[in-house]
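Undergrad: Sequence:
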Amino acid sequence: MTLGSEFLKVKGNKIVNQSGDEVRLRGFCLGGYMHMENFMLGYPGHETGMREAVTTVLGTDGAKRFFDKYRQNFFTEDDVKFIRSLGCNTIRVALNYREFESDDRPFEYKQEGFDDLNKLVGWARKHKLYVILDLHAVQGWQNGGWHSDNFSSAACFWGQKVFEDRAVALWEEFARRYRDEEFIAGYNLVNEPNTEKIEWLNHYYHRVTRAIRAIDPDHILFFEGNRDSQQFDGLDHPFDDNAVYSSHLYVPPGIEIGEYPGKYNGIFYDRNQLKKEYEGRREFSHRHSVPHWLGEFGSIYSDASLTNSRLRVMTDMLSIIEEFGDHWTIWNYKDIGLMGAVSPKIDSEWMQITAPVRKVKTALRCDHWIERHPEKIDGFIQKLSDHVHSVVGEIPGDWDELADQIHWRLCDGLVSQNLQPAFAEQFRDVTDTDIDRIMKSFSLDNCDTRKGLLDLIKTTTSSH
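The numbering of the sequence shown is my numbering, which starts it at 171 and goes up by one.
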C-alpha cells in the first residue's frame with residue numbers, strides 16, 4: 171500500500187510525514203463528543219447513569235433525540251475550522267467504548283457509533299486536522315474515576331481477561347476501519363491507566379500492540395504511563411518502533427486556589443518549578459529517545475478572579491513544552507466554562523435549565539476535583555475522618571488520605587448518583603422542538619470563547 175503524504179510516523183525522537191518533514195502535534199482534547207464527563211456538562215455522577223436517568227424521564231425515543239441533538243451541536247465542521255484558525259493541527263478525541271459496543275452484546279459493534287466518528291474524521295481530513303483516537307473509557311474501567319464512566323472506585327479492567335479481550339478486539343476493529351486514514355495520527359491505547367501491578371499494564375500494551383500491528387502496521391501508537399499517566403517506572407521498552415509516550419500534567423497553580431507565581435502546598439511555583447515537574451514527566455521519553463506528547467494539561471477557570479493567574483500558568487507551560495520541541499493537546503476544547511476554550515453562554519437555555527442541580531453539586535463539591543473552594547461539607551467530612559483516626563489509633567492501614575477517600579465515595583459517588591434523577595427531571599416537560607433549541611446552546615456560533623487562552627494558543631502556534 172502507498173501511504174498518503176500526510177501519514178505520520180516516528181523517526182528517532184520526532185514525528186514526521188511521508189516526505190520526512192517534522193510535524194509537531196498541537197491542539198485540543200475533544201471530550202464531550204463521544205465521551206461525556208460530569209463537570210464539563212453540568213450533570214452529576216457518571217455518564218451511563220445520567221443517560222439512564224434521562225431515558226427514564228424522556229423515554230427511549232425522547233432520550234435518543236436528546237443525545238443526538240446534543241452531539242450534532244456540540245462539535246461540527248465549524249468547530250474543526252475554528253480549531254484550524256488557531257494554528258492547531260490536532261484533536262485528541264475521547265471515546266467511550268459504549269459508543270461502539272454494548273455490555274450485553276460484546277464483540278458486536280454499533281455502526282451508529284462509527285458513523286459519528288467517521289463524520290468527524292471526514293471533517294478533519296477536509297481541513298487537514300490530525301485525529302488521535304483516545305480510548306477514554308475501557309470495558310471494566312481502567313481507573314476508579316468518573317472520567318472512565320465509572321460509578322464505583324474500582325478499576326476492574328486489570329487482570330480480567332474478559333475485559334481485556336473486548337478492549338483488544340475493539341482496537342482491532344478500529345485498526346480495520348482506519349488503517350488507511352492518513353489524518354488519523356494514531357491510537358491512544360488507554361487513557362489514564364491506574365493499576366496496582368505494572369505487569370498488567372505491560373501485558374495489555376504488548377498484547378494490544380501485536381493485535382493492531384497484525385492489521386495496521388503504519389499508525390503511531392501512543393502509550394501512557396501508569397497512575398493516571400504520571401508514572402513510567404516499570405514500563406517495558408520498546409513496545410513498538412512507531413511509538414510515542416504520553417504523560418498528563420495538571421500543575422497545582424493551574425487548578426488550586428492561589429496566585430501564580432506563588433506557594434502551593436508548601437512549594438513555590440514559578441516557571442522553573444513548572445519546568446522541573448515537566449522534565450520529570452518527559453524523562454522516560456527522553457531516556458529512550460522517543461517523542462513525548464503532553465496529552466492532557468490545562469487550568470480551571472471557575473474563579474474569575476484567578477483568570478489572569480491561570481493564563482500566566484498556561485503561558486509558561488506552553489513555552490516549556492515548545493522549548494523541548496514536544497507535542498501537546500489542552501484539556502478541553504469545549505465545556506460549560508470550567509476548563510474549556512469554548513463554552514455555552516451563561517444565559518443559554520442549557521445553563522439556565524441545569525442551574526439548580528449544578529448549584530447543589532457545587533455546594534456539596536460533587537465534582538471535588540474541579541470545585542476547589544471549600545464548602546461546609548468539607549468540615550463534616552474532616553470531622554468524620556478525624557473521628558475514624560481517633561478510633562483506629564495505631565492500627566495499621568491506609569488512613570493518610572481518608573478524608574479525600576470519604577469525599578470521593580460520598581459526594582462524587584453516592585450523592586452524585588442520587589442527584590441523577592433530579593438532573594433528568596429538569597427536562598421532563600420538554601418537547602422535541604424544545605430539545606432542538608436547548609441543544610443549540612452548544613453550537614459554536616452561540617458560544618463564548620476564552621479570548622486570553624485562544625490568543626496565547628495563536629501566538630504559540632504562529633511563532634514556532
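Please note that the accuracy of each hint is not assured.
Unchecked claim - Computed list of lysine-lysine pairs in BS3-like fashion (alpha-carbon distance at most 30 angstroms, straight line):
hint, residue 1, residue 2
1, Lys-546, Lys-529
2, Lys-445, Lys-433
3, Lys-184, Lys-529
4, Lys-529, Lys-179
5, Lys-546, Lys-296
6, Lys-298, Lys-280
7, Lys-251, Lys-280
It should be emphasised that the hints constitute simulated quantities derived from the structure, not laboratory data. No experiment lies behind these values; they were computed from the predicted model shown.
Undergrad: So, against the hints stated earlier in the document, which numbers end up violated here?
TA: 3, 4 and 5
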